[in-house]
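Asker: Residue strings, one per chain:
There are 6 protein chains.
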Amino acid sequence: MGKVLTLGEIMLRFSTNQGIRLAQSDTMAVHYGGGEANVAISLANYGHDVSFASKVPNNSLGEAVKKHLARYHVATESLLFGGDRLGTYYLESGIGQRAASVVYDRAHSSFAEMTSIEWAKEDLFDGVDIFHVSGITPALSPTWQTLTLDLMKSAKEHGCKVSFDINYRGKLWSQKEAGEVLKTLLPYVDYCSAGYMDAVHLLGIAPQEGEELPYYYKKMQALYPNIQVFYSTKRQVTSASDNHLTGTLWMDETYFESTTQAICPIVDRVGGGDAFSGGLLHGLLKKVSPQEIIEFATAASALKHTVHGDCNQFSEEEVNGFLAAGSGKIIR
Amino acid sequence: MGKVLTLGEIMLRFSTNQGIRLAQSDTMAVHYGGGEANVAISLANYGHDVSFASKVPNNSLGEAVKKHLARYHVATESLLFGGDRLGTYYLESGIGQRAASVVYDRAHSSFAEMTSIEWAKEDLFDGVDIFHVSGITPALSPTWQTLTLDLMKSAKEHGCKVSFDINYRGKLWSQKEAGEVLKTLLPYVDYCSAGYMDAVHLLGIAPQEGEELPYYYKKMQALYPNIQVFYSTKRQVTSASDNHLTGTLWMDETYFESTTQAICPIVDRVGGGDAFSGGLLHGLLKKVSPQEIIEFATAASALKHTVHGDCNQFSEEEVNGFLAAGSGKIIR
Amino acid sequence: MGKVLTLGEIMLRFSTNQGIRLAQSDTMAVHYGGGEANVAISLANYGHDVSFASKVPNNSLGEAVKKHLARYHVATESLLFGGDRLGTYYLESGIGQRAASVVYDRAHSSFAEMTSIEWAKEDLFDGVDIFHVSGITPALSPTWQTLTLDLMKSAKEHGCKVSFDINYRGKLWSQKEAGEVLKTLLPYVDYCSAGYMDAVHLLGIAPQEGEELPYYYKKMQALYPNIQVFYSTKRQVTSASDNHLTGTLWMDETYFESTTQAICPIVDRVGGGDAFSGGLLHGLLKKVSPQEIIEFATAASALKHTVHGDCNQFSEEEVNGFLAAGSGKIIR
Amino acid sequence: MGKVLTLGEIMLRFSTNQGIRLAQSDTMAVHYGGGEANVAISLANYGHDVSFASKVPNNSLGEAVKKHLARYHVATESLLFGGDRLGTYYLESGIGQRAASVVYDRAHSSFAEMTSIEWAKEDLFDGVDIFHVSGITPALSPTWQTLTLDLMKSAKEHGCKVSFDINYRGKLWSQKEAGEVLKTLLPYVDYCSAGYMDAVHLLGIAPQEGEELPYYYKKMQALYPNIQVFYSTKRQVTSASDNHLTGTLWMDETYFESTTQAICPIVDRVGGGDAFSGGLLHGLLKKVSPQEIIEFATAASALKHTVHGDCNQFSEEEVNGFLAAGSGKIIR
Amino acid sequence: MGKVLTLGEIMLRFSTNQGIRLAQSDTMAVHYGGGEANVAISLANYGHDVSFASKVPNNSLGEAVKKHLARYHVATESLLFGGDRLGTYYLESGIGQRAASVVYDRAHSSFAEMTSIEWAKEDLFDGVDIFHVSGITPALSPTWQTLTLDLMKSAKEHGCKVSFDINYRGKLWSQKEAGEVLKTLLPYVDYCSAGYMDAVHLLGIAPQEGEELPYYYKKMQALYPNIQVFYSTKRQVTSASDNHLTGTLWMDETYFESTTQAICPIVDRVGGGDAFSGGLLHGLLKKVSPQEIIEFATAASALKHTVHGDCNQFSEEEVNGFLAAGSGKIIR
Amino acid sequence: MGKVLTLGEIMLRFSTNQGIRLAQSDTMAVHYGGGEANVAISLANYGHDVSFASKVPNNSLGEAVKKHLARYHVATESLLFGGDRLGTYYLESGIGQRAASVVYDRAHSSFAEMTSIEWAKEDLFDGVDIFHVSGITPALSPTWQTLTLDLMKSAKEHGCKVSFDINYRGKLWSQKEAGEVLKTLLPYVDYCSAGYMDAVHLLGIAPQEGEELPYYYKKMQALYPNIQVFYSTKRQVTSASDNHLTGTLWMDETYFESTTQAICPIVDRVGGGDAFSGGLLHGLLKKVSPQEIIEFATAASALKHTVHGDCNQFSEEEVNGFLAAGSGKIIR
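So the protein lines, in turn, are chains A, B, C, D, E and F.
Per the working numbering, residue 1 is the first one in the first sequence, and the count goes up by one each step.
Per the working numbering, residue 1 is the first one in the second sequence, and the count goes up by one each step.
Per the working numbering, residue 1 is the first one in the third sequence, and the count goes up by one each step.
Per the working numbering, residue 1 is the first one in the fourth sequence, and the count goes up by one each step.
Per the working numbering, residue 1 is the first one in the fifth sequence, and the count goes up by one each step.
Per the working numbering, residue 1 is the first one in the sixth sequence, and the count goes up by one each step.
Keep in mind the hints are simulated off the structure, nothing from the lab.
Heads up, a few of these hints could be off.
It does not matter which identical chain is meant; a pair holds if it fits inside one copy or across any two.
[Claimed, not checked] With a straight-line cut-off of 25 Å between C-alpha atoms, the simulated SDA-like cross-links for lysine to any residue are:
no.	residue 1	residue 2
1	Lys183	Asp150
2	Lys183	His201
3	Lys3	Arg71
4	Lys67	Phe81
Bound conformation, chain A alone (with noise of 0.2 Å):
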């Protein structure tokens, strides 16, 4: 197994209730989450030796991140507590025809607001495997693209493979920011969560009629030579409750798709890009087959739309028992 480090925001999340619009919710479920959080999780639950690196506030908030994660045994020495809030976003969550809908509450954030490397860099990437971060810490502030820039050239001097999820959010900065901050961090990239749209409108591939995703992956890794492997999924949107998912996987120059998982009902649908994330590096880490990695992520990715809150709750043997038998019958 592994030893992972994954470095992020980590936010609260209030939820509304199933048919219930978030104006009129007069109860609301918690949940604790963040790309670089959930991808932890999933990797701690796959057996390997994984910690998050943050900063959240010195109170009950930054308390109950500190719990979550090492309830699914994420290791937090790394989690920093000072700076003023957590931050926070609401989901109104959808079903059916109705969309979710989120309202965003993280500026301000203990983590956004960090204008230094907190963390002494020989504690953070000793012995680390892998280090993952994604786009939404660049996205942060003008000072987390120099702190990102510099943490993933120490990740790469202490020998760790670099991981990142692109996860554009255009709340948070204009497709040329995103796409000149990339310039600087992806040549020490190794592994890479990108799609169609994220080559045309960052990386500035001209997009080409006729072609798929196999080609946009080509051209990113012709541009970025260092990046081993290119990864993402392709969601059909029925409705919110009905999805279908398919992973997709550029490595060793060749294309591979997984089988379409159809997601129907779908409990919650935040974290599903995570779940994928966290089951594609587990199967590089363990080193299986293309075929096989891509599988694995989708059925993890699958498996954590059934399931309340951010994180995957699945093992290694629950994703893949799910694999062998398909979808429905009761475990007897």
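Since the structure of chain A is already known, use the hints to place chains B, C, D, E and F on it.
Answerer: Frame of chain A; chains B, C, D, E and F shown alone:
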């Protein structure tokens, strides 16, 4: 924006939780609603100046009704307090193959037992663009048949458009009785919700093999040329959780039909028709094109099916957003 | 209406809430059920005079079982109190692609540890038309294999029809062990729930390429000509939330099959088979036609899937109403 | 153990959750209860053979009443189905300084609108030791005043003891009206729940400065020497959550008083008086000493205050255990 | 009835469920409130014409605030939409010996970040009898210190009485800072909520051994003779569930004190002070006697403690009913 | 901070909701706990390095136990997986006069059925300051009597202090049996939780009229001079909701007693004693004064009573804050 008055009974609804039958329930959800009150809330959501006239008992349940309306910005100056009780009904929510089931307990309510017009008509109708009432009101008692006619005449005298939703309920009166009363009321109506069943069973139009809805709309308008607009929905029921809904409109002597909305899963179907009427009246008040009217109304109804309770919870902007975006994407 | 005795173990079931895994649950739903108890409740719902014989501990959980049965008008004179514990099991409810998962904790229960017939047989069987028991009972212990045989013989002596649901559970005994015991029991059985898997794996009938269920029913009857009726369901599993169910019946040396019921979403699948058996025995007691029997039984099972808990909650009138109306209309 | 018949109205109660007012509630708890039904359940808990006679509508709510009674082993052969509605009431639960508040909606119920004795009297009273009814029944209508008298006379003819709880409710009839009716009924009563207020305001006994309850019991018995037992509780109200309760009994021309029970916090006070009556009748049936009777009845009432719902949930053994152990120890 | 304007910040409160700590909570209750909004709702409950001025973000949470106010009949014409966020705070509800605990997350809110008076003053103050604001508003920012002074001056110019609740919060500003600002504001105040702590720590009145509250009221009035009315509560804390509350009033140069209310158990203490202020202003508007004013205000506050949420849910009639009846009786 | 190992059984607890009896419950709360596990969590909360050794089944319930411990930062390297079942028990929560009631279902658990020391002792005890175990462990089986002795001896050999909580349970073994086993164990104990009942009924010290707890502590120490510290609580039970708790300590041959804590209302009493032990061991590890130790331990126990679940949820800082501030103030 227009000024609208709706008048009718509002009831207390008790609903079971999902997967629990009425006779087993040890907790029930509480909602307040009625056709005209639900239309009032829809129109207030869209920014109109709306008032609801009714009568409720002078107790906590009457107060709850008042708070319910005020919360959605419906004026309550014409909500009278007095009489014996608030009508109630029990909804065993359906799911999948199991149909919903209703137990009514509405007799002797404060509204049903009214014996005279207790409002000052000049206050009721002053400046009102549309006066909306449904066929449930005259069905409540012979007295209410007279009062409804009286109110419609007054509304016309004050220059209001009269909107009428036939909404036939076999538990309240026979088709014969309803047919006779409708003959007295429809000459005062401008906008009328009526479909094939109403045409044939209440208005005496002979069913014609091979003819579709436009034929019956045309026939109905021939009988009541004062009615400028007819509308209704076609609902295809796969199961209690899965319906297809299409809005239909007869206006400018032309038949219009909306895109069909696939609604699955249905959270709460009650009030779906009222959300449709509310959307339709909104379109008439905004004077947009007939096709825009029927698309908006059907979309509004589809969205209503995704929330608990009788009343539409969506703004004009949200309904239009749904029409533009299609279903199920996360709005971040 | 008939007089029926069912006998078997009844257990305490803990179920998770939707979208929550067992290891995360901080609240669980409580149900009481077991194959024979569930059949008893179905038949009591249909107006039969039904008694359930079992043994439960003399504590609050035993009392809860008694109240559960009484609530559904099942007589509890033969419910014994004593022994050490009530068997329990944990159901992680499935949804969509995620299958349900069961953790059993049923060893050492008051019923399983019985070592002799503690009831007076003349009280048990007096005036009883049908004695119903399942294959779970002899699977509990070698002693129960002897006791089950003894009870079946006594039932026959008292003029009862013996109904037997094979209900093979691999966690309780091997196919070999079950096959040997079944050989001793089946000669006393009149009505038997058994399907293709039972025929091949337990009764030793050789699988025959291209042959369908009627072939195996015929073969089973050839082995046990005393068995007048065989029945089982065919279940097509799209996901944990979406199944198609078809009832099958072998009677009067003829094969009958019900309309296929499309069940989506499934609220709770546990007890679906017992509702089927209950419906079938009801049809046999009412002496309606085989096709009516199998339609009723399958409809009863479909409706059971729409409610939480093990037991069928529908009257004969409601099942027939469902058959007449089809699914999903509001019953006003 | 004895055989008991109780007869009266049973209602559907909706209760608010703690700390939520009625006009705010979007969920309410559902309970079924009524004075005589509650007494029936108490006595069935203590092992007596109890039947409850009433009339409920032939719908899901009527079925719920039947299930409620059956669950507690009360026989329902005399529960008639028919009429228009189940009476309901709304309880805004009190807490601390805030008193509970009740909104009644009980007019026109199936039971209240009965116009004749629809039961065969020989079935009702055959072998019955005690026939119990309360003053609420004759308060429902002039017809019920006649029917109650008729039933009491029949009960006496069949050799039953007649138990009567005056239970005066000012919302149902005036003191004058009640007083006149009581004069016709009390000559047929053997056991009577009546206190100081009843003596003075209904039975016309002049209040006497300095005299206590024994004086009024004696005076009442002088008026109705046929009444062998009088009983009532003294309740000292500190707050809605904190009461002191003392049981009083006049029997064998002697006054008995129980230990005072300090009840804090009160979970649900409704049905506390019925639990007291149930305990008292149990003592009379068991023929224990008057002091034992009044201690048991008061303890039973105190325990009832610690559970939600109208009905006593405690066995004879548990009430005696409470009397022996005092309050609050963990029973391991 | 009077016309009242209150102005201030309104926040989103998340509360834990009873017996659950914040860091464990997976669901929280949602309330909206703030001192001035709570006072507005109290006065609207009592029948006054009340408007609340504030600024909330233009999202679902802002809409929820608007619905919250409208439900209680508070006018929202002066509720502005814009800015970045709604201030939030987390309340870990206390019980028994465990004190409640608050985590604030209110910086950068739409209201706190206002930099100018965005309302037309003639609309704000037209016809207004009382303008009410609290010391939390000037504590939010130096800008708000200026704006508050400006608003008070305008209010006086428009002939309003100015009501001010000092409501000192050490987390927002120091005693020294508060003291200096108060000196500029208090010359414009007519009614002031201030107690011993305010007198000594903010207004610079020297503590005097043996002197009680009347002494400090007198001293404060000597400093600000324009202030006609001072008021505050004395709270004796036995535990988080058990408080004694006494209202005090300085008016007509005389000291008045209410009956002490014993509040146990406390359901929700937040907003108890605002309910007191609301009751007091109601008394001033009704021009009843000082003793009646202080009794009413204290009773209103006591009742508030028995319901969840920030706002008083009781009508004038209910508060008077409580004063007349004392605590805990069932109101049938 | 110290290093601590606790070892014992951990069970699954099902608790009823407030005001609902066990036999009525259709939902139950789920908690995991056991004396030694609860002590482990307390000490981890206070910052010590704590590990818990036990054995749980290799299923979802075992996994839930592991997650429960990890959440509170207790190391789980010595948590073994295997065996048949997790012991369970049912707690009908008490309130007011109604005592809590427990139904045990703990026989045949994975831990109870252990037959040898499955841990490597050098791993278990390496560097451990305190090894804590309770009298429940040897009560589980004769084998566990031997194993407990063996573990204690090993602990001493590895230089650990041995902490032992007698925790006598009459349902598990007789006083005579316990007394004999204790004689073999106590010679290896350093810190011992034992009170008057233990002294007299288990250790054979003759009760002495007029003597108080110090006398018995002294006598016990005379018997076992190796035991340096004795401690226990005195609990005065007014009702299930209202207790007074006083901590007592014998140390340095001197008797210490804490301030008495008045606990009302009690949220959940289970684990109150373990929180006391945890607080006491913390004081011993910190080497503060005996009076400080006993105050801290008693305060920790009092706070535990205000939260649901077995385990203490308070940090050292919070316990000290409570001691400093007293009860019930809002912490803003």
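Asker: Of the numbered hints stated previously, which ones are contradicted by the structure, given in increasing order?
Answerer: Of the numbered hints given earlier, the structure breaks none, since each of them holds.
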